[in-house]
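Peer 1: Sequence:
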Amino acid sequence: MKIIFTKSKWEMWNDPLIHFINRVAEDKFDGTELYFDSVKDDPKVIKDLHESNGLFLIGQILTDGKTISDHIESFKRQAEFALEAGSKLVNVHAGRDYFSFDENLLLIDKINKFSKQCGVEFLIETHRARLTYSLIDTTNYLEASSGLKLTADFSHWMVVHESDLSNQSENLQKAIDRSFHIHARVGYEEGPQVTNPSAPEWKSHLDNHLSIWQRIIDKRKTEGKEFITITPEFGPPNYMHTLPFSNEPISDAWETNIKMREILNSRLEI
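Residues in the sequence shown are numbered consecutively from 1, following my numbering.
FYI, nobody ran anything at the bench for these hints, they're computed from the structure. Be a bit skeptical, because a hint or two may be false.
[Stated by the list, open to error] With a straight-line Cα cutoff of 25 Å, these simulated PhoX-like cross-link-like pairs (lysine-lysine) come out:
1) K40 <-> K116
2) K76 <-> K44
3) K88 <-> K113
4) K116 <-> K88
5) K40 <-> K149
6) K44 <-> K28
7) K76 <-> K149
8) K88 <-> K76
9) K225 <-> K88
10) K221 <-> K88
11) K149 <-> K116
12) K116 <-> K44
13) K116 <-> K47
14) K47 <-> K88
15) K66 <-> K113
16) K225 <-> K174
17) K225 <-> K28
18) K28 <-> K88
19) K110 <-> K174
20) K110 <-> K2
21) K219 <-> K174
22) K110 <-> K66
23) K40 <-> K88
24) K113 <-> K76
25) K76 <-> K40
26) K221 <-> K2
27) K2 <-> K28
28) K110 <-> K76
29) K88 <-> K44
30) K221 <-> K174
31) K219 <-> K116
32) K113 <-> K225
[Unchecked claim] Derived CB-CB ranges, DEER-like:
33) P244 <-> K174: 39 to 45 Å
34) T242 <-> S52: 17 to 23 Å
35) K40 <-> I263: 32 to 38 Å
36) K225 <-> F245: 46 to 52 Å
37) K203 <-> K44: 44 to 50 Å
38) D42 <-> E201: 44 to 50 Å
39) D42 <-> W13: 16 to 22 Å
40) K76 <-> I263: 34 to 40 Å
Predicted, not measured: the structure shown is a model, and the values here were computed from it. For every residue, glycine included, the Cβ atom is placed at its ideal position computed from N, Cα and C.
Turn these sequences into a full structure, and let the hints guide you.
Peer 2: Laid out in structure tokens, this is it:
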């Protein structure tokens, strides 16, 4: 098995896509994870840029709207775009935490059916404010939908539960078993992003996340998977802490993600 490291455009939100692609290639990432509504380029341009640079493309979709029907329609629109752009995998921020269980389950079903029909994996990210906002609720959806697959961004759950999740070991294992893509950001009890993953004061939190990510990798290896995708995903402000009054970020998020990739390469066993 190998790791395919992909890079989010988060830190270069307002930059032209070509500038982002050039920096991704320069810093030797294997691909990108791209939220399509954040770029103005048409899908053919996106596809050509990735193919000409030999980059793996993970599409990112954020369903939106006031009702579950709105979210289903927004998913369909963005999903078609993702396929046209040449996405090899698609990560979805799905539903809302305030929709009913049955409403969110309907959206999950639509996503699963679309994925099966097109042959591209669509994964639902574990994320605050979404249908997967808590480990408890996510477990219920996993039990109700055998086709539900996850993007593991468990940093959010550390905040939601104010916990390292060791007190929900059974539920956590269920989520690990269904996780096929990793967002490598280290969360803690009061926030989704520590100040610096290399800092000694965050060692226990980093070690905990690495242990969880290793379990995901080990699970996929037992299935004979040839690769797993990981996006180091430390974000800019307001995820990144800032200095009081000046509001200056305490570090460069892009460089932090390069450092996170180094940590993953040195600590994970493939």
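Peer 1: Holds or violated: are the alpha carbons of K88 and K76 at most 25 Å from each other?
Peer 2: holds (17 Å)
Peer 1: Given the proposed pairing of K221 with K88, does the C-alpha separation stay at or below 25 Å?
Peer 2: OK: K221 and K88 at ~19 Å, within 25 Å.
Peer 1: Given the hint that K225 pairs with K28, test it: the Cα-Cα distance must not exceed 25 Å.
Peer 2: Between K225 and K28 the Cα gap is close to 23 Å, so the pair holds against 25 Å.
Peer 1: Is K225 close enough to K174, meaning Cα to Cα at most 25 Å?
Peer 2: holds (19 Å)
Peer 1: Below or equal to 25 Å on CA atoms is what counts here, so check K44 against K28.
Peer 2: holds (23 Å)
Peer 1: Can you confirm whether the C-alpha distance between K2 and K28 stays at or below 25 Å?
Peer 2: holds (15 Å)
Peer 1: Is 46 to 52 Å respected by the C-beta to C-beta distance linking K225 and F245?
Peer 2: Between K225 and F245, where Cβ atoms are some 48 Å apart, the hint holds.
Peer 1: Are the Cα positions of K110 and K76 separated by 25 Å at most?
Peer 2: Given pair K110, K76 holds - Cα atoms ~9 Å apart, limit 25 Å.
Peer 1: Take a quick look at whether K40 and K116 sit within 25 Å of each other, Cα to Cα.
Peer 2: violated (28 Å)
Peer 1: So if I understand the rule, the pair passes when the alpha-carbon distance is 25 Å or less; does K88 with K44 pass?
Peer 2: Holds. K88 to K44 sits at ~14 Å (cutoff 25 Å).
Peer 1: Below or equal to 25 Å on CA atoms is what counts here, so check K88 against K113.
Peer 2: holds (17 Å)
Peer 1: Between K76 and K40, does the CA-CA distance stay at or below 25 Å?
Peer 2: With Cα atoms ~19 Å apart, K76 and K40 stay inside 25 Å; holds.
In the structure shown, a violation is registered for the earlier hints numbered 1, 5, 20, 34, in ascending order.
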